[in-house]
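As you go down the protein sequences, you meet chains A and B in turn. Numbered continuously in the working numbering, the first sequence closes out at residue 368. Numbered continuously in the working numbering, the second sequence closes out at residue 118.
Please note that a few of the clues may not be correct.
Stated by the list, open to error - If you only want the chain A side, here are some residues facing chain B, beta carbon under 7 Å, derived: (1) L121; (2) D122; (3) M148; (4) L150; (5) T152; (6) P153; (7) G154; (8) L155; (9) P157; (10) M167; (11) S170; (12) I174; (13) P175.
As the list claims (entries may be wrong) - Straight-line Cα separation of at most 20 Å, SDA-like style, residue types lysine to any residue; simulated pairs: (14) K21(B) x K166(A); (15) K166(A) x A6(B); (16) K310(A) x G324(A); (17) K95(B) x S47(B); (18) K198(A) x S75(B); (19) K166(A) x I44(B); (20) K310(A) x D287(A); (21) K198(A) x V7(B); (22) K166(A) x F26(B); (23) K21(B) x Q199(A).
It should be emphasised that the hints constitute simulated quantities derived from the structure, not laboratory data. The C-beta atom is built at its ideal place from N, Cα and C for all residues, glycine as well.
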Amino acid sequence: MNSIALDDVGKRIGHSWALREITFEINQGENFGVFGRAGSGKSTLLRLISGLDHPTTGTVVLHSSGGDDSSWLDAQTSMALQTPGLAPELTVAENLKMFASLWPIPRKGRVSRIAMYLELLGLVNVRNKQVRDLSPGMKAAAEVARALISNTDIIVIDGLIEQLDRPTRRRLWEYILARRRQNTTFIIGTASADEAALCDRLAVLSDGRLVFVGKPDDLMNAVQNEILVVESIHNPLIKSKLRDRFGTAVTERSGALEFRTNHPDADVAHVLAEIGSDVGCVYLRQPTLDDVLDRIEGD
Amino acid sequence: MARAVIIAYWELIRIRRCKHSMSFLMLVPFLCAGICILLPQIHSSPTIKLFPALIVFLTFGLIHVKSIYDRSSGFAAGLDSTPAAGVSVVSAKFLCGLLLSVIQIAVFRVIILIAS
Chain A
70 MNSIALDDVG KRIGHSWALR EITFEINQGE NFGVFGRAGS GKSTLLRLIS
120 GLDHPTTGTV VLHSSGGDDS SWLDAQTSMA LQTPGLAPEL TVAENLKMFA
170 SLWPIPRKGR VSRIAMYLEL LGLVNVRNKQ VRDLSPGMKA AAEVARALIS
220 NTDIIVIDGL IEQLDRPTRR RLWEYILARR RQNTTFIIGT ASADEAALCD
270 RLAVLSDGRL VFVGKPDDLM NAVQNEILVV ESIHNPLIKS KLRDRFGTAV
320 TERSGALEFR TNHPDADVAH VLAEIGSDVG CVYLRQPTLD DVLDRIEGD
Chain B
3 MARAVIIAYW ELIRIRRCKH SMSFLMLVPF LCAGICILLP QIHSSPTIKL
53 FPALIVFLTF GLIHVKSIYD RSSGFAAGLD STPAAGVSVV SAKFLCGLLL
103 SVIQIAVFRV IILIAS
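From just these sequences and the hints, can you work out the full model?
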């Protein structure tokens, strides 16, 4: 079985390190996520994996039965870029036609492949529209189609899936799971916890460093605390009261206040007893990958 | 080579759809021919032989400006992520420049011929 191995990879851009000491492996047929906030180094890492850029230190190689090779990148990897790599003056269909003819795809099946990806990504109605006239979401969909049409064994999608509308995203994930069964490796860069949770394994980046590699569930289990949510707040001083009472960071999200708790039942009782008259609703929820990332970034 | 021809073909379509590029390409031979016609001393001197070189220079200049624009629009990175990166892209640009230069020089010569 083939695998992509990154060994002590570092990338220096200008005077600062965009990535440092990155070591992990991606197995063939895996749906691998690269998860992190904006500026964490996801795109830089994905460009190194795709062979569009070279690491300053370390190596990115393909382990295969025939030995290690770093020249595979161009031939076997296709990348959907965060800034779409499409010709703005050409229509969506023309772009796909052009890029399909640049990959070694049999001429016979090209037209049906293009039609299939237009359908999959909800681009049928805009197929004859020039790319420069498309909305950002449609451009993202066309860029994903450009990468998928290559029919390569490794497909890298950099931060585009979260830009797609919900039905397209659902169809794309179904397609990704189907292709995975054919041993195609998907590497998905994302800042969205929802997308990250759907990956088989994740590499979590923070400030150019690898902070976690493993299954999303294992990452969630790393954070034992539950989140206590206080909603419908009538008193603006509640936030400081909670901070002083529980001695923890209180974050504001969509009008509600949230904080991590090690003693959920006792803390709910305390909140109700002490500030119950000032709030409309108190409940507990399980942490999401976003919460985990907040904690990693906070620590 | 096949990939270079494919890219060159689509590049020509892109140029045809770009108003600025088309205006520039149409202006160059007419401007050069206009100078030659309005200044008879140039028309009858060996200087006229420099005009095709000027047209080639300006056409390749346009191709170069377009490749800078492609880098900022992301299209160049899109091509880089295919097996057509590198030599094929450069060859395609050269092919385009050559073809457009030939067409423009032909237009220039026809105008001069008609005027004389």
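Tell me, in ascending order, the numbers of any earlier hints that this structure violates.
-> Result: hints 2, 12, 13, 14, 17, 19, 20, 21, 22 break, sorted rising.
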